[in-house]
Amino acid sequence: MSHDRGISSRTSGRLTRARLRPFVPLVVLAVFAALPYSSLSIPVLFDGPLNSPGSLQVLAICLVFGALALGYDLLFGRTGLLSFGHALYFAAGGYGMVILVNRTDWPLWMVTLLAVTGTAALAALLGAVALRTKGIAFAMVTLAFAQIGAITVGRNVGRATGGEEGLTLDWRRLPEPLVGVVNTVNRYWIALALVAIVAFVAHRVADSPAGRVLAAVRDDDRRVDVLGLSPYRYRLFAFVIAGALAGLTGVVYALLVGGVSPHITDSSLTLSVLVMVVLGGPGTRWGPLLGGAAYAFLDNRLGAVGTSETVKHLPSVLAGPLSQPLFILGAIFVLAVYFFPGGLAGLARRLSPLQRVLAPRSVKAQT
Amino acid sequence: MSTLILLLLTGLGLAGLYFLVSSGLSLVFGLADVLNFAHGLFLSVGAYATWWAATHLPGAGSEGPGFLLAVVVGVVAGAAVASIVELVLIRPLYRRTIQQVLVTVGLSLAGVALLQAVWGADARPFPRPAWTSRVTTIGGAAVPNSSLLLAAVAVVVLAALLAFLRFTRVGLVIRAGVEDRAMVAALGIDVRKAFTLVFAVGGAAAALAGILAGVHFTTVSPGQGTSLLIFGFIVVVIGGMGSITGTAWAAVAVGVLQQFVNYYSAGLGDICVVALLALVLLVRPQGLAGVVGGARA
Chain A
1 MSHDRGISSR
11 TSGRLTRARL
21 RPFVPLVVLA
31 VFAALPYSSL
41 SIPVLFDGPL
51 NSPGSLQVLA
61 ICLVFGALAL
71 GYDLLFGRTG
81 LLSFGHALYF
91 AAGGYGMVIL
101 VNRTDWPLWM
111 VTLLAVTGTA
121 ALAALLGAVA
131 LRTKGIAFAM
141 VTLAFAQIGA
151 ITVGRNVGRA
161 TGGEEGLTLD
171 WRRLPEPLVG
181 VVNTVNRYWI
191 ALALVAIVAF
201 VAHRVADSPA
211 GRVLAAVRDD
221 DRRVDVLGLS
231 PYRYRLFAFV
241 IAGALAGLTG
251 VVYALLVGGV
261 SPHITDSSLT
271 LSVLVMVVLG
281 GPGTRWGPLL
291 GGAAYAFLDN
301 RLGAVGTSET
311 VKHLPSVLAG
321 PLSQPLFILG
331 AIFVLAVYFF
341 PGGLAGLARR
351 LSPLQRVLAP
361 RSVKAQT
Chain B
1001 MSTLILLLLT
1011 GLGLAGLYFL
1021 VSSGLSLVFG
1031 LADVLNFAHG
1041 LFLSVGAYAT
1051 WWAATHLPGA
1061 GSEGPGFLLA
1071 VVVGVVAGAA
1081 VASIVELVLI
1091 RPLYRRTIQQ
1101 VLVTVGLSLA
1111 GVALLQAVWG
1121 ADARPFPRPA
1131 WTSRVTTIGG
1141 AAVPNSSLLL
1151 AAVAVVVLAA
1161 LLAFLRFTRV
1171 GLVIRAGVED
1181 RAMVAALGID
1191 VRKAFTLVFA
1201 VGGAAAALAG
1211 ILAGVHFTTV
1221 SPGQGTSLLI
1231 FGFIVVVIGG
1241 MGSITGTAWA
1251 AVAVGVLQQF
1261 VNYYSAGLGD
1271 ICVVALLALV
1281 LLVRPQGLAG
1291 VVGGARA
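Chains as they are written, first to last, in the working numbering: chain A, 1 to 367; chain B, 1001 to 1297.
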């Protein structure tokens, strides 16, 4: 009897959990929205209390890269498109926003709208050509297009992009609540809103009938073709949506760091985004977001660790590589490809045998 | 007229550099379907090994036989690193193409960071024989010797690779493997040994490209390999992946076009190259030689 009751209570518990599941993201969102009101200090992870401008800035950057990875996953994880040119659309959004703010008197919402639609148009144009190829050739073509973007920005064509030095956002032209260190919290909330928007769009697309077709294109595009649907059109659709999301993310990034620099056009940023998605778990709901945020956070913190006293006292054979965040991240990434193919999101499933072994003991301990 | 000759010959020099970078990429892709992002790392390894040998190794230097010894050290280092990468990192992921690409991406990030940690991010002057910085007058045009050297070495490597693929047994296995790997394996031939060899050959060619790039551009820096790699990719796609002769033609087209356009309007050359890529993809998605490309995913 007691045994039966145990099972039924456990299943009903599972049911409530399943019913509550859709609300978990909202709760997490609320917690993150409330973070600026907490003065909690986390010693190793953050330098100051959570509501200090420094910590909020770090968190906001993490959120932006999480959003970038989540948008990219629409291509890589959901549609199976290995694009090596995603940095182009991120940079297009960022540069577009800074140039429009500095040179026109248009309100910020209009600038954002223009930057995002412009980026989407660029993605549609380049995607239409690049998607004529598949697989590895597609990767190379997108890489080449992105490289042209990087060269154009670096050459400072028409003095529009500032060349090597990049552009600084003219803060006098921005609305008052978004300017200055005091208002870091408002920019943090904007980054959080960005994550909410990107997650909403990405999940909406993935769950729609069109999203099913995207998954089918990823798994077997010839079958989609036989069913009378055009894989090319669906790929282009995913490419444009992902490009627009990257453009929006670029706009928020430029607002957050107060300008743009040519390194965001670099192919290594695209490679980093790929690393974020794979670390997080491609094709999962929240994995890419988690991976992007974790990557940005590690990149930030490992830089601090590399120049810290503990590392400096190590023999130079160790200290040199450890002072390079990219070395550590690259090494983690290679190991992750071998040992955690599902990324962070797959970690729970991989650890479930362990949980099952541990679970009966905890039940026994209760009775 | 002399300008024309100058542009043509320097363009061919650039083409030689691109061919050396992309020949290994093309072979590796044709045989193993691996898009090797770590190829740029092999370039940098070769260049840094030569730079190190020229200053530290007894008997090596920046002139005559000493420089030749330093170049040999660089090429051997490139081939060794490439073979180790294949044996340790690529082989366990046999047939899982995307994972292989991801591993090489991670490797290129970590490798460049490691080079930066050891030798710093700044460009360093590359050791080079004095005659490479002089010019030779051909038909009234003063052509830099380093351009001629690049073109000559590329022609030698092209001839050697073609002879190797045509007249040796391993070359036969590689050619057959590019055509149909499953069939070669079914005949009881160990294709994986050919993989390792192709990686080593590609690594050696890349190292040579890195060294000659150091001689040509007079400096060496950790990121140099990666920026050359992108043009390598473009050449490979235009040429049709897996074909050495296609790669050679594509390298000539890209190098000469870039040089000519850059002469008449600085900076447009790179953009023209990508326009050429887009054009080739629109007209002939499988590339000039058309072994793979768009036809097969």
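Derived by calculation from the structure, the hints in this document are not laboratory data. Be aware that a few hints might be false.
What the hints assert, rightly or not - Computed beta-carbon distance windows for the label pairs:
id: 1; chain 1: B; residue 1: Pro1125; chain 2: A; residue 2: Gly303; range: 26 to 34 angstroms
id: 2; chain 1: A; residue 1: Glu164; chain 2: B; residue 2: Gly1120; range: 13 to 21 angstroms
id: 3; chain 1: B; residue 1: Thr1218; chain 2: A; residue 2: Leu29; range: 35 to 43 angstroms
id: 4; chain 1: B; residue 1: Val1155; chain 2: A; residue 2: Asp170; range: 48 to 56 angstroms
As the list claims (entries may be wrong) - Listing some non-contacts, in silico: residues in chain A with all C-beta distances to chain B over 10 angstroms:
id: 5; residue: Arg132
id: 6; residue: Val141
id: 7; residue: Ile151
id: 8; residue: Val226
id: 9; residue: Ser261
id: 10; residue: Trp286
id: 11; residue: Pro341
Yeah, the Cβ is synthetic: ideal placement off N, Cα and C, and Gly gets one too.
We went through each hint and held it up to the structure:
1. For Pro1125 (chain B) and Gly303 (chain A), the Cβ-Cβ distance of about 29 angstroms falls inside the hinted range of 26 to 34 angstroms, so the restraint holds.
2. A C-beta distance of roughly 19 angstroms is found between Glu164 (chain A) and Gly1120 (chain B), which places it inside the suggested range of 13 to 21 angstroms.
3. In this structure the supplied range 35 to 43 angstroms is violated for Thr1218 (chain B) paired with Leu29 (chain A), their Cβ-Cβ distance being about 55 angstroms.
4. With their beta carbons about 54 angstroms apart, Val1155 (chain B) and Asp170 (chain A) fall inside the hinted range of 48 to 56 angstroms.
5. A beta-carbon of chain B is positioned within 10 angstroms of the beta-carbon of Arg132 (chain A); the least distance is around 6 angstroms.
6. Look at Val141 (chain A): its CB is around 6 angstroms from the nearest CB on chain B, not clear of 10 angstroms, so calling it non-interface is violated.
7. Listed as outside the interface, Ile151 (chain A) is inconsistent with that label: its C-beta sits roughly 5 angstroms from the nearest C-beta of chain B, within the 10 angstroms cut-off.
8. Against the 10 angstroms criterion, Val226 (chain A) stays outside the reach of chain B, whose nearest CB is about 16 angstroms from its own CB.
9. Ser261 (chain A), annotated as away from the interface, keeps every beta carbon of chain B farther than 10 angstroms; the closest lies near 16 angstroms.
10. Trp286 (chain A), annotated as away from the interface, keeps every beta carbon of chain B farther than 10 angstroms; the closest lies near 20 angstroms.
11. At roughly 7 angstroms, the least C-beta separation between Pro341 (chain A) and chain B is not larger than 10 angstroms, which violates its mark as non-interface.
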